[in-house]
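S.K.: Each chain, written out:
Number of protein chains: 2
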Amino acid sequence: MSQKVLFRQLFEKESSTYTYILGCKRTKKAIIIDPVDLTVERDAKLLKELGLTLVKALNTHVHADHITGTHLLRAHFEGLQTGLGSANTAKSDEKFDDNFKIEVGDINLEVRHTPGHTNGCVTYVDHDGGAAFTGDALLIRGCGRTDFQEGCSKTLFKSVHDRIFSLPEDFKIYPAHDYKGQTSSSVHEEKQFNPRLTKSETEFVDIMENLGLAYPKMIDKALPWNLNCGVEPE
Amino acid sequence: MSQKVLFRQLFEKESSTYTYILGCKRTKKAIIIDPVDLTVERDAKLLKELGLTLVKALNTHVHADHITGTHLLRAHFEGLQTGLGSANTAKSDEKFDDNFKIEVGDINLEVRHTPGHTNGCVTYVDHDGGAAFTGDALLIRGCGRTDFQEGCSKTLFKSVHDRIFSLPEDFKIYPAHDYKGQTSSSVHEEKQFNPRLTKSETEFVDIMENLGLAYPKMIDKALPWNLNCGVEPE
Numbered sequence: 001m002s003q004k005v006l007f008r009q010l011f012e013k014e015s016s017t018y019t020y021i022l023g024c025k026r027t028k029k030a031i032i033i034d035p036v037d038l039t040v041e042r043d044a045k046l047l048k049e050l051g052l053t054l055v056k057a058l059n060t061h062v063h064a065d066h067i068t069g070t071h072l073l074r075a076h077f078e079g080l081q082t083g084l085g086s087a088n089t090a091k092s093d094e095k096f097d098d099n100f101k102i103e104v105g106d107i108n109l110e111v112r113h114t115p116g117h118t119n120g121c122v123t124y125v126d127h128d129g130g131a132a133f134t135g136d137a138l139l140i141r142g143c144g145r146t147d148f149q150e151g152c153s154k155t156l157f158k159s160v161h162d163r164i165f166s167l168p169e170d171f172k173i174y175p176a177h178d179y180k181g182q183t184s185s186s187v188h189e190e191k192q193f194n195p196r197l198t199k200s201e202t203e204f205v206d207i208m209e210n211l212g213l214a215y216p217k218m219i220d221k222a223l224p225w226n227l228n229c230g231v232e233p234e
Numbered sequence: 001m002s003q004k005v006l007f008r009q010l011f012e013k014e015s016s017t018y019t020y021i022l023g024c025k026r027t028k029k030a031i032i033i034d035p036v037d038l039t040v041e042r043d044a045k046l047l048k049e050l051g052l053t054l055v056k057a058l059n060t061h062v063h064a065d066h067i068t069g070t071h072l073l074r075a076h077f078e079g080l081q082t083g084l085g086s087a088n089t090a091k092s093d094e095k096f097d098d099n100f101k102i103e104v105g106d107i108n109l110e111v112r113h114t115p116g117h118t119n120g121c122v123t124y125v126d127h128d129g130g131a132a133f134t135g136d137a138l139l140i141r142g143c144g145r146t147d148f149q150e151g152c153s154k155t156l157f158k159s160v161h162d163r164i165f166s167l168p169e170d171f172k173i174y175p176a177h178d179y180k181g182q183t184s185s186s187v188h189e190e191k192q193f194n195p196r197l198t199k200s201e202t203e204f205v206d207i208m209e210n211l212g213l214a215y216p217k218m219i220d221k222a223l224p225w226n227l228n229c230g231v232e233p234e
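These protein sequence lines are chains F and Y, in that order.
Position one of the first sequence corresponds to residue 1 (full-length UniProt numbering), numbered consecutively onward.
Position one of the second sequence corresponds to residue 1 (full-length UniProt numbering), numbered consecutively onward.
Calculated directly from the structure, the hints in this document are not laboratory data.
Warning: the hint list may mix true and false statements.
Same chains, same label: a pair holds when it works inside one copy or across any pair of copies.
Using 16 Å as the maximum straight-line C-alpha spacing, the simulated EDC-like pairs for lysine to aspartate or glutamate come out as follows [unchecked claim]:
(1) Lys95 <-> Glu110
(2) Lys180 <-> Glu14
(3) Lys95 <-> Glu209
(4) Lys48 <-> Glu189
(5) Lys95 <-> Glu49
(6) Lys180 <-> Asp37
(7) Lys91 <-> Glu201
(8) Lys45 <-> Glu189
(9) Lys4 <-> Asp106
Next comes chain F alone, as it looks inside the complex (with noise of 0.2 Å):
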């Protein structure tokens, strides 16, 4: 990570998501990825007790397996703005095109669309730190499933060889979600050993739709809540 920026990477254990924490060292602004409504009060202490002002809750897709926690951290941060990829429906403060790039204080990051796990994903694209926040759409040594909103297998092939593994090859990778208690990959690793996407375009669709996953728990809330910013719909 750039010596500007402050880095934290944090774990959420009932959805095996990862948050992250990027503030900048000079104007303490800073900016939250991938949020979860259980670990708010952890996040927002974190911050408080950083010297931290959080101006930007980023969310790399609408997630379906937990509640985004970008709307409770608007009670901790006032003027907090929500960010999201221009492609999906949700509500949020901010819809980034693709190439968009976002500037809080030292931090600059890229939005990288980067559909197929759902036809909205983005990946951040910290270029100063040499990472890449890949969301959904490229886990350590796996991927997102494709089976569920608006997912496309030969979608998230092309978004991960044309978006992710086009990056330098000592680019840190920073997924949504890990299973195995790995904390980070590169792009050098996945492009070598990701067991799926090493694969060609015809058998990485193969692999995906005979992977024969369970009907996710928390789709059913998950989903109108985070298309609504992380609140309850009416």
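Given chain F's structure and the hints, the job is docking chain Y onto it.
M.R.: Only chain Y this time, still in chain F's reference frame:
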């Protein structure tokens, strides 16, 4: 972390243990700190994918909550040396005196004896990378219990203040455990916000004497195995 060293943090969820890998990019030799038996296959696979040869498997102390993975790692890496602080009576290939310098390629670790959670606890300090692997001596906003394994809260208070809080403020703290999804801290943060170790020695001792913790569920198995380098005693 130093640019010369490949660093990876890994989590074992049964005992909430963090395992750390440090790999020298030049010589491809690696050190692992606090490996767990249950995740040895994951860790060995990752080391091999990263092109690393594991030469040292270190423990910060004789753990009471899980069985060390040091012994099982030998099956994957011939010639692997296990290491532990010299105040321990446990079996180990190497026993490190206070201030001993471990060198593996471009990885340099200073061993600091930090007793109190157990009488044999050490902290491994990476001065080049600005990080300390504190085991159970110092946890994020907490510390290890002091009511078994010759634990002593007065000794722990002195260890943390004299040997960890004396490090530069921006040094990262990587503990052996976290139960709240936090992955790292800093000397600065713990000196300011640790709810126990910011107190006076008298208050700290009082807190530690009144934790009312349950008897550790794994201790009767873990201790005899770990005193025998992770092998079932005869």
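S.K.: For every hint, state whether the structure bears it out.
M.R.: Results of checking the hints against the structure:
Taking CA atoms no more than 16 Å apart as the test, Lys95 paired with Glu110 passes inside one copy only; the shortest distance there is 13 Å, against 49 Å between copies. For a Cα distance limit of 16 Å, the shortest separation of Lys180 from Glu14 qualifies both inside one copy, at 13 Å, and across copies, at 11 Å. Taking CA atoms no more than 16 Å apart as the test, Lys95 paired with Glu209 passes in neither setting, with 31 Å inside one copy and 53 Å between copies. In this homomeric assembly, Lys48 and Glu189 come within 16 Å of each other (Cα to Cα) only across copies, at 11 Å, whereas the closest approach inside a single copy is 35 Å.
Taking the closest pair of Cα atoms, Lys95 and Glu49 never come within 16 Å of each other, the shortest separation being 30 Å inside a single copy and 38 Å across copies. When the C-alpha separation of Lys180 and Asp37 is checked against a cutoff of 16 Å, the pair qualifies only between copies, where the shortest distance is 14 Å, while the shortest distance within a copy is 22 Å. In this assembly of identical chains, the alpha carbons of Lys91 and Glu201 never lie at most 16 Å apart, being 33 Å within a copy and 51 Å across copies at closest. For a Cα distance limit of 16 Å, the shortest separation of Lys45 from Glu189 across copies, 12 Å, qualifies, whereas the shortest one inside one copy, 34 Å, does not.
With identical chains, the CA atoms of Lys4 and Asp106 are at most 16 Å apart within one copy only, with a shortest distance of 7 Å there and 25 Å across copies.
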